[in-house]
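Enquirer: Here is what each chain is made of, one letter per residue.
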Amino acid sequence: MTNRINQLLTQTSNHILSIYFTAGYPNLNDTMKITERLELSGVNMIEIGMPYSDPVADGPIIQATSEKALQNGMSVSILFEQIKDLRQKVKIPILLMGYVNPFLQYGAENFLKKASEIGIDGLIIPDLPLELYQEEFESMFHKYNIKNIFLITPQSTDERIRKIDSISSSFIYVVASFSITGTKFGIEAQQESYFKRIVDLKLKNPTVVGFGINDKNSFEKTCKYSNGAIIGSSFLKHIEKNDITLDAIKSFVKGIKE
Amino acid sequence: MTKTMETNVYQVNEKGFYGDFGGAFVPEMLYPNIEELRKTYLSIINESAFQEELNILLKDYVGRPTPLNFAKRLSEKYQTQVYLKREDLCHTGAHKINNTLGQILLAKRLGKKRIIAKTGAGQHGVATATVCALMGFECVIYMGEIDIERQNPNVQRMKMLGATIRPATCGSRTLKDATNEAMRDWIANPVDTHYIIGSVVGPHPYPDLVARFQAIISEEIGIQLKEKTGNPDPTHIIACVGGGSNAAGAFYHYLDKKNVKLIAAEAAGQGVNSGYSAATTFLGKKGVLHGSRTLLMQTQDGQVVEPHSISAGLDYPGIGPMHANLFESGRAQFVDITDDESLKAAILLSRIEGIIPALETAHAIACLEKIKFSPNDIVVINLSGRGDKDLNTYIKSGIIDQKNE
Ligand SMILES: Cc1ncc(COP(=O)(O)O)c(C=O)c1O
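Those protein sequence lines, which keep their order, are chains A and B.
Using the working numbering, the first residue of the first sequence is number 1, and each one after it goes up by one.
Using the working numbering, the first residue of the second sequence is number 1, and each one after it goes up by one.
In case anyone wonders, no lab produced these hints; they're calculated from the structure.
Calculated cross-link-like contacts (lysine to any residue; reagent style SDA-like; alpha-carbon spacing at most 20 Å): (1) B:K15 with A:Q134; (2) A:K163 with B:K39; (3) B:K285 with A:N110; (4) B:K372 with B:S75; (5) B:K39 with B:W186; (6) A:K68 with B:R173.
Predicted model, so just to flag it, every value in this text is computed and none were measured.
I would like the entire structure built from these sequences, with the hints used as guidance.
Expert: Below is the structure:
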């Protein structure tokens, strides 16, 4: 079975730009507008964030946009309704990112079935443990041809990274920053050696880097060691300031890619 | 603390689950931190040198064993035999220190230099700051900005004990946001920092770790009751449940003894169906909260619902996975106690036993009104904490000016 993520990764091996945004922010019904405009602006892949009340793996900006989106009334069912005609309009790979509790409440199988009908290509659920995924959900993901994306971090051992590589079949999400404090220079030095370590592992899956990528400079730097990068908070800050018009979104993407 | 009952059905299994509940639902960023704990905690806390150091501190510093106090007038009033397990007499005024002391010794053996914790009302923060001062650890406490304003005396206590208070300024600026901030800190400082969780909640192995440190409560109850009555087993044990650490401790050695009925008091707030409640087993559904599968109060869409209770320590949208399993299996009975019922119980205990209980504890006392006990029943109530911290709430409620009945 083909999957748009894998098609993208075979066609394009470098400078893949993936943008994350929170569904339901700034307004409840902006989801499709933002998605279409991101594609028109030339991004390669999109992660639609499903807002959650307790987003432990996210920073303050995504926490704030999630809270706003929930106040606006966003829910999993509303999101599915908003994006039901997604594939009549958008061709690039689309992933959903969210937390495990809403996924389980919707019903894992129902969720995957619905997502697959809509044409979603992958899921990122940071607090779904790998072991539980293997035990309870892996065959379901395969059945509906949805890729589950795993994260690795600077603290992940080589052994853990190899295990994640072995059960992944699209790309691995490399969490870039391991410190939210600390000096910039220090982080960068540590990051480089971490990125090199991953390259040296010669993984079978491509890698895409996320967390802390915010401009052309950091995008270019990570692309030296990986197939691309994911930008979230920085994009959300941009639309907070400049709105979600095609021009505003284009100018953000241009700033990163050109 | 003993290493008994590894195979008990109410205990955690090797995968970190209590029946359907538990596990470690953590993002990969926290995986190494949790793995380190999971791999090492049992061997460390079962070492005899560890146990010896802990036992000396529990005795000389905390003041253990805490008394088991026959409550004569309370027994007469309810026509049964009530014993109070006096955790309120622990140093810092509650059971919380049994756990923080155990965890700081664990942190020392793991080579950590720095402790972080989050606190809502400040009780766990004070218990953490206390042991950090005792053991010479750097201590950072995360607290919502709003809670900092509301809980000023505890904030000052923590500062006096040398802790740094970091306000959570995002979102609702309460406990939930403090939790996020503490997580980010731990993700950023996995090597030198230990995160002390204050109840039997969170990802495995925390619920088991905390339960084992609190298990000293039921261990002592058995010994003390045998001395007093000739039988180590009561007929009933009552404890309040926020996350459930004092209840876990009071139940621990009795989990397998079906002749001992376990009763958990939950905070119903203004009433289970009022929309202002924290009675998780009545309102909750299965889901994942703070790293474990448990029962939690949530919307149909799986968003966590804000709980309400007059008692800050019970104001939690979930319960620990051990308790979710005790509920589902029917091993423990859960009782809903409203804000008003707890206030009445607090004034009652003050007036007829001369003990001002914490508001959390008052929920356990209030069960005496709700359940009919027989004259021969031996009812142990875990008196988890003293009420000094709640004096302002008691004053505002007006109960202090009530005449004796
Ligand atoms: C005196 C007292 N009892 C009970 C609790 C509730 O916690 P747990 O359910 O973990 O015992 C608290 C929490 O702050 C407390 O201070």
